[in-house]
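Novice: Given these sequences and hints, build the entire structure.
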Amino acid sequence: MKTILIILMLVHGAIHLFGYSKVLIVLSHRPFQSNLHRLGWLLSCLLFLTSAILLYIHQSSWQIVCFIAMFTSQLLITSTWKEAKYGTIGNILLFLMILLVNRLI
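Residues 1 to 105 in our numbering are what the sequence shown spells out, letter by letter.
Honestly, the hints are just simulated from the structure, not real lab data.
We treat Cβ as the ideally placed atom computed from N, Cα and C, and that holds for glycine.
There may be inaccurate statements among the hints.
Here are the computed distance ranges between Cβ atoms for each label pair [said to hold, decoys possible]:
| # | residue 1 | residue 2 | range |
| --- | --- | --- | --- |
| 1 | 83 | 57 | 30 to 36 Å |
| 2 | 3 | 71 | 21 to 27 Å |
| 3 | 57 | 85 | 29 to 35 Å |
Specialist: Below is the structure:
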């Protein structure tokens, strides 16, 4: 179960890289907002990656990092809802997996 959660975090984080590159197209007419969104998508990706690594090396702080990543992700998703609404499913799935893993660990 832990391996599945790590893979899910890595995949979900990698998807945020698409958001990082896509923001250039969607918000090209608003450069300041575009730069903030790009940093947000990249930050979320790095947080998911960090969380997966922390879980892999058995650090209990992985949950906090993952919750921050999911919160950041959801803020970005709501700000670009039309393009990214399905990311909410990934965040919900991650949340449920974390609850399940906590019962098993």
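Novice: It remains to establish, for every hint, whether it holds in the given structure.
Specialist: Consistency of the hints with the structure:
1. A C-beta distance of roughly 34 Å is found between residue 83 and residue 57, which places it inside the suggested range of 30 to 36 Å.
2. For residue 3 and residue 71, the Cβ-Cβ distance of about 24 Å falls inside the hinted range of 21 to 27 Å, so the restraint holds.
3. Taken as a hint, the range 29 to 35 Å holds for the pair residue 57 and residue 85, whose Cβ atoms sit roughly 33 Å apart.
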